[in-house]
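Protein chains in written order, with numbering that gives the first Met the number 0: chain A, 0 to 257; chain B, 0 to 257.
No lab work stands behind these hints, which were simulated from the structure alone. For glycine and all other residues, C-beta sits at the position ideal for the given N, C-alpha and C. Among the clues, some could well be false.
Simulated restraints, written as ranges between beta carbons of each label pair [what the hints assert, rightly or not]:
1. A:32 / B:111: 29 to 39 Å
2. B:88 / A:245: 47 to 57 Å
3. B:140 / A:174: 24 to 34 Å
4. A:193 / B:126: 48 to 58 Å
5. A:174 / B:176: 51 to 61 Å
There are 2 protein chains.
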Amino acid sequence: MDLGDVKGFLIDLDGVLYTGDTAIPGAREALSFLAEEGYLFRCVSNSTRKCRATIAARLEQLGFDIPEHAVFTPPLAAVRFMKETGKHRAYLLTTGDVNRDFEGACSEDGSTAVDYVIVGDAGDKVTYPSMNHAFRYLMEGADLIALEKDRYWMAPDGLSLSAGPFVTALESATGKVATVVGKPSKAFFDLALLDMGLSAENVVMIGDDIVTDIGGAQAAGMRGILVRTSKFRSDTLETAQVRPAAVINSVGDIRTIL
Amino acid sequence: MDLGDVKGFLIDLDGVLYTGDTAIPGAREALSFLAEEGYLFRCVSNSTRKCRATIAARLEQLGFDIPEHAVFTPPLAAVRFMKETGKHRAYLLTTGDVNRDFEGACSEDGSTAVDYVIVGDAGDKVTYPSMNHAFRYLMEGADLIALEKDRYWMAPDGLSLSAGPFVTALESATGKVATVVGKPSKAFFDLALLDMGLSAENVVMIGDDIVTDIGGAQAAGMRGILVRTSKFRSDTLETAQVRPAAVINSVGDIRTIL
Numbered sequence: 000m001d002l003g004d005v006k007g008f009l010i011d012l013d014g015v016l017y018t019g020d021t022a023i024p025g026a027r028e029a030l031s032f033l034a035e036e037g038y039l040f041r042c043v044s045n046s047t048r049k050c051r052a053t054i055a056a057r058l059e060q061l062g063f064d065i066p067e068h069a070v071f072t073p074p075l076a077a078v079r080f081m082k083e084t085g086k087h088r089a090y091l092l093t094t095g096d097v098n099r100d101f102e103g104a105c106s107e108d109g110s111t112a113v114d115y116v117i118v119g120d121a122g123d124k125v126t127y128p129s130m131n132h133a134f135r136y137l138m139e140g141a142d143l144i145a146l147e148k149d150r151y152w153m154a155p156d157g158l159s160l161s162a163g164p165f166v167t168a169l170e171s172a173t174g175k176v177a178t179v180v181g182k183p184s185k186a187f188f189d190l191a192l193l194d195m196g197l198s199a200e201n202v203v204m205i206g207d208d209i210v211t212d213i214g215g216a217q218a219a220g221m222r223g224i225l226v227r228t229s230k231f232r233s234d235t236l237e238t239a240q241v242r243p244a245a246v247i248n249s250v251g252d253i254r255t256i257l
Numbered sequence: 000m001d002l003g004d005v006k007g008f009l010i011d012l013d014g015v016l017y018t019g020d021t022a023i024p025g026a027r028e029a030l031s032f033l034a035e036e037g038y039l040f041r042c043v044s045n046s047t048r049k050c051r052a053t054i055a056a057r058l059e060q061l062g063f064d065i066p067e068h069a070v071f072t073p074p075l076a077a078v079r080f081m082k083e084t085g086k087h088r089a090y091l092l093t094t095g096d097v098n099r100d101f102e103g104a105c106s107e108d109g110s111t112a113v114d115y116v117i118v119g120d121a122g123d124k125v126t127y128p129s130m131n132h133a134f135r136y137l138m139e140g141a142d143l144i145a146l147e148k149d150r151y152w153m154a155p156d157g158l159s160l161s162a163g164p165f166v167t168a169l170e171s172a173t174g175k176v177a178t179v180v181g182k183p184s185k186a187f188f189d190l191a192l193l194d195m196g197l198s199a200e201n202v203v204m205i206g207d208d209i210v211t212d213i214g215g216a217q218a219a220g221m222r223g224i225l226v227r228t229s230k231f232r233s234d235t236l237e238t239a240q241v242r243p244a245a246v247i248n249s250v251g252d253i254r255t256i257l
């Protein structure tokens, strides 16, 4: 595998840089190496409940030295998307502190029309009034942006609805189709490239999910390197339709193939 | 039109027996005539926010003498459906007093599995926890019943989401397909026939909506008579694919064609 033309990396967070509360051995050094060698990178995550600053703070707790601007999540992808379209009035249906990522990027004004209804995994912020507000904005001309479209996730107290079903509800109510700006949509990878100012052929995605990370990146024209940490299962790799450009034991080994 | 074999009627409420707070002239007498002549009938409505007793009380206020058992709505259709299947544990996602229609017909038990998740136009009862409860019951094996699947309705303060989008959300989250027991589903008309103990060929539907009332009834094997009150528009009739068996000025004229 010739990586001579590589100028940047997209690096998955959970499962590649850390699992649970523990950094993957060698991950910190790998990131330092990439920075020293002049590679650009974005640490990507599909989180739609935490803002960039909160994620960067958590990475710092884990011992990483990653600048805030190198964290790229669906809310940041949405902000980048809005910047591209030149429209900036948005109604947010999100929870946690993710609204902080939109500060300065969009204006919210309950009394007038908005350009975008932006839906993330909103948890308890999903109410009949909030869904109805979103619905009315869409019927008045706003477009729908989905930060992700997962069906559900395993919360501590059991399976819990993610953003997907509520996005589908708004789609079916209005006849509009959401632009999904989370992994594995092509829009997410395209917007991450735009954020780095690099072309797909010069960027490699490093992830532990062969479908979401590697398949998604390849569909956007990038190469993908699979790591054998966290989610990795050899039988999944053997039976997968997607073929990664390389498979390495962990992100710590990235130096060995550059 | 030969109505010699007719033994019963399904009669739409809003637009056929009354509009707003006013009874259609001749409607009371028409119902009295049908009762005297020994015809069975059910007054049908797609309301999923009011129980049978509340609807009957409102009809009484308007001067009608209609027994409670002759009111048939999607909640009653659901109760009839549950009786047919012999399963009676249900989780209700409804609002208003519609839960009263389920008293005695189903048992609710938050701690164990249920047979059915039943979703109506639930208004403010739609919350993240209520949607999540419904979702978890479905993932644990319950089936989904939709009292209706309308997308939205015109509330006093503007367009508002109806049951449909939330049913679609639960369908997309679980991969299950809801049984719709409201008009214009065939199930609704079949269950109304079952409730009267009559066959489709002996029953006539009287309604003001050529698609929902007449088309729905015909699809269930009944004949349909369109009334020229309320929603009726001659151009809609002319361009419709559905051909009613007869068109009369109002339900008050039913005597003239029997």
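Residue 193 of chain A and residue 126 of chain B, beta-carbon distance inside 48 to 58 Å?
-> Violated, at about 37 Å.
Hint check for residue 176 of chain B and residue 174 of chain A - Cβ pair distance inside 51 to 61 Å | violated (20 Å)
Is the hinted range of 47 to 57 Å satisfied by the C-beta distance from residue 88 of chain B to residue 245 of chain A?
-> With Cβ atoms ~53 Å apart, the hint holds.
Lying within 24 to 34 Å: is that true of the beta-carbon distance residue 140 of chain B to residue 174 of chain A?
-> Check passed, 32 Å falls within 24 to 34 Å.
Using the beta carbons of residue 32 of chain A and residue 111 of chain B, state whether their distance is inside 29 to 39 Å or not.
-> violated (55 Å)
Going down the numbered hints, you'll see the structure goes against 1, 4 and 5, while the others check out.
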